[in-house]
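**Student:** Residue numbers (our numbering), protein chains in the order written: chain A, 1 to 307; chain B, 1 to 307; chain C, 1 to 307.
There may be inaccurate statements among the hints.
[To be verified] What the simulated footprint calls covered on chain A by chain C, stretch by stretch (three residues with Cβ under 8 angstroms from a Cβ of chain C suffice, anywhere in the stretch; the number is not a length):
1) 16 to 25
2) 32 to 45
3) 128 to 142
4) 191 to 204
5) 215 to 225
6) 262 to 271
Think of the hints as simulated: they come from the structure by calculation, not from any bench.
Ideal Cβ positions, reconstructed from N, Cα and C, are used throughout, including at glycine.
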Amino acid sequence: MQVTIKQLAEQLVASYKQLGGINHLDGKPLPSKRAIANITEDLLRLLFPGFFDERPVRISSIQADTEALLGSVAARLEAEIAKSLEYGPPEGLPARDIKSYARTVTVEFLGQLPRIRELLQTDTEAAYNSDPAALSREEVLLAYPSIECVAVQRLAHELYKRHVPLIPRIMTEWAHSRTGMDLHPGAKIGSHFFVDHCTGTVVGETAEIGNHVKLYQGVGLVARSISDAEKLRGKKRHPTIEDRVTIYAGATIVGGETVVGAGSTIGANVFLMHSVPPNSLVLAENVRVRVLNKKDREKKTGPSEGL
Amino acid sequence: MQVTIKQLAEQLVASYKQLGGINHLDGKPLPSKRAIANITEDLLRLLFPGFFDERPVRISSIQADTEALLGSVAARLEAEIAKSLEYGPPEGLPARDIKSYARTVTVEFLGQLPRIRELLQTDTEAAYNSDPAALSREEVLLAYPSIECVAVQRLAHELYKRHVPLIPRIMTEWAHSRTGMDLHPGAKIGSHFFVDHCTGTVVGETAEIGNHVKLYQGVGLVARSISDAEKLRGKKRHPTIEDRVTIYAGATIVGGETVVGAGSTIGANVFLMHSVPPNSLVLAENVRVRVLNKKDREKKTGPSEGL
Amino acid sequence: MQVTIKQLAEQLVASYKQLGGINHLDGKPLPSKRAIANITEDLLRLLFPGFFDERPVRISSIQADTEALLGSVAARLEAEIAKSLEYGPPEGLPARDIKSYARTVTVEFLGQLPRIRELLQTDTEAAYNSDPAALSREEVLLAYPSIECVAVQRLAHELYKRHVPLIPRIMTEWAHSRTGMDLHPGAKIGSHFFVDHCTGTVVGETAEIGNHVKLYQGVGLVARSISDAEKLRGKKRHPTIEDRVTIYAGATIVGGETVVGAGSTIGANVFLMHSVPPNSLVLAENVRVRVLNKKDREKKTGPSEGL
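With the rest of the complex left out, here is chain A (with noise of 0.2 angstroms):
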């Protein structure tokens, strides 16, 4: 087997060396998923204190505490942040201030994490409105994907907006992973969000959200047709949804173009490719179904499942 191994690993190698784009050989490193993925483990913490260790959060200790942690975080993310940019610097940041620039990102984030609780107090608030089996705020940030994946999304925005490249997206597709939604970090998203079951919903990038908005599972706030990626890179090509707007489960709303009027309600299925003004109500045409009596079908046509 030895010498098996030995010739499959050379036929392997020769690859690596041939093939480009999938390899990452000697280059600087890329961030690392495992490295993110508990530096976004540690922000929800941060974000939720008590709530995700099994000892209570004392108030007596909580600023040495949260210091510690939050001095942890820091040194990591901002070796990531480094990393990241110096694999993409952003337009007009020359080489020499990339360390920098890191340092600056990673503090002013982490200064956001205040207003981003903000946000998601009344994300929790409105997730414990709106579903009558919810039975308390605990059980929300317990047991509600929603929070955690809209959680991810809120930091991983504040990373994108300042021009970090690969961090947003490996954050949120960790949240991706595990709740089934799939929200763009560069999606502006309004206070009081919740999406019920959120497997399946999908929010692109240039999305914008207003606020007191509902959604539900397999929501999909997409792009038109692509024929060419790289024309539209950066153009808007995803809805606006203003305020006070509930969108049923599956519905899916398209185009950059598309705006949907504040207070409006769009039914299941609806696929919606206008703009609809304020305070509308849009219903598919198409819920009407046919109920045949499988007994009188089997003696017209025989036996049939009928999908």
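Starting from the structure of chain A, add chains B and C where the hints point.
**Tutor:** Showing chains B and C alone in chain A's frame:
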């Protein structure tokens, strides 16, 4: 950096003291998500001996091994149940009785494991019998998300029935994260239950499902829209599915008074808001599609991806 | 409590002895889910050097590093394949040949890694070229679920073709759990394959997919309804998708004889049960929606959320 970290920590601690609802400081400890995840994994080990560990289970040592694992689970679960009851005691339970009620619930719950195994045996049969891609019952247990997710729901349901707060939802949300299927612990689910592919399927708190029911991915057994969550807490809001019903992918059944009669088949993507009698075949009217030739169309309207 | 635990364990062990199918006692050990997960992660490391670990891969030590990892994977995989073949030997393989067949399959499988890397290179290109939100090939590899899920399917397919039971499905189910996409190891998938967002997409065992195919979230390539799973095992039940086809979110293509001709575009939410010729544009008839004004409507019918 050290000075900055101190200041950032002060800001964050100020926000902990100010904002309610997303802190949990100096309170009685909440049940731990991580502890519940570990307990749930061990419960799956007890339900399906020999499927989770690398070394085979020996008949000769099985009584001793089971006793050891059961003892460990019992101690940890009792502690988490006690925390959960301290947090939200059931109506009429005096504070001094919480510890003894936690023990009673733990023993009753573990006493249900043999009955739950009988149900899961029927679920495994149902999966094997209805999926032609399944080559053996072992494959169903090792590689089908349905069984794992349904097993966790059946466990959580026993705690839900005994008015344990938080833990049942933490358990089903753990399974949701792993399988993409959101089965509420409150749902009543009969024998021989199978969901193919699982991702996106949602079953609400007050749904009732008979025996020999089969669902596919993306099925919703959901509530009507909700104007006021508070009024609806505890009411029957989700549909009843009688015996031998099959519901194909993407179908949504809505409302607490909606009953799908025994032996019915609900087609893919059906959106059903009213009851149907036994042996119904319900088809979406919207399965018709237009098939155009791209070249003909481009002649008339210019190039288009035509989403 | 000790006495109770003993009794509970006795009840549980009695149930182990009584119920078949969900026990695995004293049998030959099954392949371990955990071992397969670890092997799969190491295979991803071998496919994409430098993307999974924090320290950069050095050209100077890459032959030695690859040999070491490959040797470790080979030993563990051979052991799991042997267990899997003991459990379900391919037709015509005598029991005495299982060990040598396990080694042959392992070596053949690892010899496919360079070819699989060539295919994944095309998948990465396809992702980068078709998503305007992707800023680099490194971002595709670090933050797009499609590549990971497709990589695992391409690996599992090589074991599936060599009649190894259980392991291929455990591998793809591992990827399903992480990405929400359920690609069966039996599916034949061409080059330049990309699925955007992934969640809810299902590709069945006998599906065939050409080159340059792009899918979105929630797409199903599925079988017709099944009256009798036993009769259909091994038959072609899932559709054929020819080259350069794009299938938008939520579309479902049904049946083993259904062929989507080369260069076609299938619109969102289409439900297609028959073949279409090359260069077709298939649109759902149901994209029309009614837009009502909530206030006008309330005057007539009273307040309603109007789901």
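**Student:** State whether the coverage of the segment 32 to 45 of chain A by chain C holds or is violated, taking the criterion as 3 or more residues with Cβ-Cβ distances under 8 angstroms.
**Tutor:** holds (count 4)
**Student:** Would you check chain C against the segment 262 to 271 of chain A, counting CB to CB pairs closer than 8 angstroms, and say if three or more residues qualify?
**Tutor:** holds (count 8)
**Student:** Can you take a look at whether the segment 191 to 204 of chain A is actually covered by chain C? Rule is 3+ residues, C-beta closer than 8 angstroms.
**Tutor:** holds (count 4)
**Student:** Can you take a look at whether the segment 128 to 142 of chain A is actually covered by chain C? Rule is 3+ residues, C-beta closer than 8 angstroms.
**Tutor:** Answer violated; 0 residues pass the 8 angstroms Cβ test.
**Student:** Using C-beta distances, would you say chain C covers the segment 16 to 25 of chain A, given that this needs three or more residues below 8 angstroms?
**Tutor:** That given contact holds, which follows from 8 residues of the segment 16 to 25 of chain A lying within Cβ reach (below 8 angstroms) of chain C.
**Student:** Three residues minimum, CB to CB under 8 angstroms: does the segment 215 to 225 of chain A make the cut for coverage by chain C? Let me know.
**Tutor:** holds (count 5)
Checked against the numbered hints above, the structure breaks only hint 3 and satisfies the rest.
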